[in-house]
Amino acid sequence: MSALVNLFYLYDPWLFHFFRMAFFVGGISLIYLAYQVIKKQRPQGIFIPLDSLIVIIALIALSAIPMLAHHTQDYSVLLQYSKTLILFIFAIGIYNIFYFNNNGKALLIRDLKIGIMVQWIVGVTALMGIGFMADLALSTNIVLPRFYGSEQEYRLYNITSSAFFQLSAFYILLLHFLLAYNKAHNQLSAVYLFLILCIGLISGRTFLLLSIVSIAIYFKWKYLPALGLFGLLCLGLAIYYPKNPYVAHALEPLINLINHQGLSSSSTDTLMKRHLFIPELKQILWGDGRYIMPNGKYYGLTDSGFLRQLLYGGIGYLSVCFLFTAYFVRKVALNWFNGSWLFTLSALFILSVLNVKADTYAFPGIMLVLLMLLSLFGQQGKNLFLFRKEGKQNV
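For the sequence shown, UniProt numbering assigns the number 1 to the initial residue and increments by one for each residue that follows.
Because the hints were derived from the structure by calculation, they are not lab data.
Treat the hints loosely; a few may be bogus.
Just the calculated beta-carbon pair ranges, DEER-fashion [what the hints assert, rightly or not]:
#: 1; residue 1: 61; residue 2: 261; range: 45 to 53 Å
#: 2; residue 1: 383; residue 2: 345; range: 22 to 30 Å
#: 3; residue 1: 297; residue 2: 387; range: 24 to 32 Å
#: 4; residue 1: 256; residue 2: 345; range: 41 to 49 Å
#: 5; residue 1: 297; residue 2: 27; range: 50 to 58 Å
#: 6; residue 1: 143; residue 2: 383; range: 39 to 47 Å
#: 7; residue 1: 228; residue 2: 131; range: 29 to 37 Å
#: 8; residue 1: 35; residue 2: 130; range: 36 to 44 Å
#: 9; residue 1: 70; residue 2: 297; range: 14 to 22 Å
#: 10; residue 1: 41; residue 2: 256; range: 58 to 66 Å
#: 11; residue 1: 353; residue 2: 189; range: 27 to 35 Å
The beta-carbon is built from N, C-alpha and C at its ideal position, and this holds for glycine as well.
Build out the structure end to end from the sequences listed, making use of the hints.
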């Protein structure tokens with residue numbers, strides 16, 4: 001049961017394009033948790049990470065300042081961070097129901113591996129042309145008609161509502177975390193490295209490039225067969241099927257490199273030409289208090305997370321978003337890796353690179369949901385234990 005809830009919560013598939021499973025399983029978990037309390041079935045009590053809740057509420061409050069200072073009435077940022085608070089409360093419920101015990105970390109790792117296997121099976125079978133698997137994957141995404149039948153449709157072949165960049169960011173963080181965990185405990189088969197590389201490639205080219213950083217930092221010799229097999233797979237597709245629309249898009253940098261055209265891609269060129277620019281000094285200092293324009297497009301027409309945050313609230317707001325993200329990264333390092341600064345700094349480096357391309361700092365995508373859930377597994381920080389019977393611990 002925990003694996004299914006974990007899959008639905010982390011990947012947040014929208015069944016039939018509208019029924020949000022993260023909210024459904026999160027809500028059910030909170031209801032069941034309340035039922036246990038009423039029936040006095042929770043002698044270990046309820047674990048509440050008070051400091052993390054305060055950090056999220058502080059982010060919401062501080063994010064209101066640019067809007068109020070500029071009188072823009074742009075509530076989009078407040079709404080998205082309110083979603084962060086709701087999702088974190090759901091995470092607390094799920095953690096207390098399934099993982100608040102002495103075997104919680106091992107159970108979570110098992111559930112993450114099951115999720116990887118499920119996504120690999122769905123992705124590969126959909127790519128093989130099995131129609132009902134492709135339809136299943138497409139039915140769990142938000143409606144994106146312009147990508148159906150296009151060279152990028154393969155990027156929707158995951159059971160999730162969050163395709164493209166946000167899914168790549170999720171898989172990059174998941175890979176980085178699992179490699180760090182395996183470096184410390186040596187309990188992860190290299191098979192899972194191969195599987196996550198495959199599904200990460202389906203999510204986008206961003207994953208392919210940044211996964212090199214994580215593998216280099218946490219390299220183990222036992223990874224060589226998996227890396228070699230994945231490398232041969234990519235080379236074989238790039239050499240023998242370069243005209244296939246999916247291959248041409250997914251492996252564009254590799255195909256260009258083979259053809260002596262450099263390690264470039266159309267998305268990188270578009271980012272450099274259309275989405276990166278230097279804001280005015282007053283925008284860097286104070287921002288304009290706008291994140292979304294009335295027509296629904298991002299203010300400044302940029303994808304870059306750094307620029308979106310600067311344009312909204314200036315360098316101060318950007319710093320708040322960074323510190324918020326750094327808080328959860330550091331808490332994961334403290335709770336899982338004895339405070340490893342290697343994990344902390346390398347994860348923040350990867351997330352900072354991602355923030356150049358699109359929203360990463362403090363953005364309530366599935367990557368942040370994973371980060372917040374991981375932060376719950378430990379006793380670091382200021383915590384409350386509600387309804388705990390005297391002398392009872394997590395069991």
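Hints and how they fare:
1. At roughly 49 Å, the beta carbons of residue 61 and residue 261 sit within the given window of 45 to 53 Å.
2. Separation of residue 383 from residue 345 is about 25 Å and conforms to the stated range, judged on CB atoms against 22 to 30 Å.
3. In this structure the hint that residue 297 and residue 387 lie 24 to 32 Å apart at CB is violated, the actual value being about 47 Å.
4. In this structure the supplied range 41 to 49 Å is violated for residue 256 paired with residue 345, their Cβ-Cβ distance being about 31 Å.
5. A beta carbon spacing of about 32 Å between residue 297 and residue 27 contradicts the range 50 to 58 Å that was offered as a hint.
6. Range check, residue 143 to residue 383: Cβ separation about 41 Å, and the 39 to 47 Å hint holds.
7. In this structure the supplied range 29 to 37 Å holds for residue 228 paired with residue 131, their Cβ-Cβ distance being about 32 Å.
8. The beta-carbon spacing between residue 35 and residue 130, approximately 40 Å, falls within the hinted interval of 36 to 44 Å.
9. Between residue 70 and residue 297 the C-beta distance comes to about 18 Å, which sits within the given range of 14 to 22 Å.
10. Between residue 41 and residue 256 the Cβ separation comes to about 59 Å, which falls inside the hinted range of 58 to 66 Å.
11. In this structure, residue 353 and residue 189 meet the distance hint of 27 to 35 Å, their C-beta atoms being roughly 28 Å apart.
Checked against the numbered hints given earlier, the structure breaks hints 3, 4, 5 and satisfies all the rest.
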